[in-house]
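Colleague: Take a look at the letters that make up each chain.
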Amino acid sequence: MSITFSHWQLQVLRLLLIAAGLLPWLVWIFEVNPDLFAQIFAPLCHQRPERSLTLASQTMVVCSRCAGVYLGVATGAVITLPKRLLPHARYVLILAGSMMGLDVLTQELGLHDPWNATRLLTGAIGGWSLAALAITALSLEREQRASDVSS
Amino acid sequence: MDGEAGGIGRFAMYALIGGAVAGVLSAIPVINWANCCFCLLNVGGAGAAIVMYMAGHPESRMSNADAAISGAISGFVAGVISTGLSWLISLLLGTMLQGLMYSIGDLAGPQAMSVVGSTLMGSGLGLLNFCVNPPLYTVFGVLGALATLHLMYNERIS
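Chains as they are written, first to last, in my numbering: chain B, 1 to 151; chain U, 1 to 158.
Since the hints were made in silico from the structure, they are not lab data.
Owing to the predicted nature of the structure, the values given are computational and were not obtained by experimental measurement.
No residue lacks a Cβ here, since even glycine has one placed at the ideal position from N, Cα and C.
Each hint should be verified, as a subset may be incorrect.
[What the hints assert, rightly or not] Here are the in silico distance ranges between beta carbons for each label pair: (1) B:S151 x U:A20: 15 to 25 Å; (2) B:W8 x U:F130: 21 to 31 Å; (3) U:M152 x B:L140: 16 to 26 Å.
[Unchecked claim] Not the full set, but computed from the structure, chain B residues with beta-carbon under 7 Å of chain U: (4) R90; (5) L93; (6) L130.
My request is simple: use the sequences and hints to build the entire structure.
Modeller: Structure (structure tokens):
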């Protein structure tokens, strides 16, 4: 038998996504031991200062693209994919991934300088698409299983 | 139609393999730079577990919850192995570098000292890394597994 997430398990996943997504942002905004967290996030991001957001001379512990991804993940846990789009989720993922890929490609080919705004935006869209798909798919599956059991 | 009987057990092995490979690769210097690109190794490991299961069971279907749990297992295993191996490497390398620093003394310079300091700090962060990295890897493992399921096996979602 396939597994089904309970309501509370789904809420725990949602909280984990929000916590993971907001972690680098909270570290940055509240300057929570940034040097320590920079070491922790070092394996997950190149952390190049010229490609990272800066606030009051405090550079974020991840680059702007990763920051966008993390923010997108947290957002996707709250603002989920509309249910009617779930059958077409693969196209949402492909579109989001393509946008990020295009930004990476044009940047690395030297067609433009690293723009933190586009890095942040495309990263956020990519992160949102993943988290939003996860929550919507698991929620809808739970509802369908519950209605199958009751009928 | 649901997947085969057996719950988590039917895909746990694939999840463990995917997570183990991703974890080992994530601990190897230079190779782990791939994680700077959307946690590629971790997400890839979780996705590979889904692909391995589906390839090995061509008649089976998989639910979103199955994929999420498979991804969570892969991600967690990758996070633990990667963090543990990285800690060992930094511990070993830090010790070697410290010995080297004592040997060459003033010739090293401030930049080299900074490298040693970072490496040694990495080894000291071991416990804190274990509290942060495995959960992060788990989250991205879940996302990677679900994305793989919907991208590659949309018609086999139960």
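Colleague: Next step is simple, just say for each hint if it's right about the structure.
Modeller: Going down the list of hints, with the structure as the test:
1. In this structure, S151 (chain B) and A20 (chain U) break the distance hint of 15 to 25 Å, their C-beta atoms being roughly 42 Å apart.
2. Between W8 (chain B) and F130 (chain U) the beta carbons are some 26 Å apart, a value that agrees with the proposed interval 21 to 31 Å.
3. For the pair M152 (chain U) and L140 (chain B), the beta carbons lie near 20 Å from each other, so the given range of 16 to 26 Å is met.
4. Because the closest C-beta pair between R90 (chain B) and chain U is about 5 Å apart, less than 7 Å, the hint holds.
5. The beta carbon of L93 (chain B) is positioned within 7 Å of a beta carbon in chain U (closest approach about 6 Å), and the interface hint is therefore held.
6. The interface hint given for L130 (chain B) is met, as the beta carbon of that residue sits about 4 Å from the closest beta carbon of chain U, less than 7 Å.
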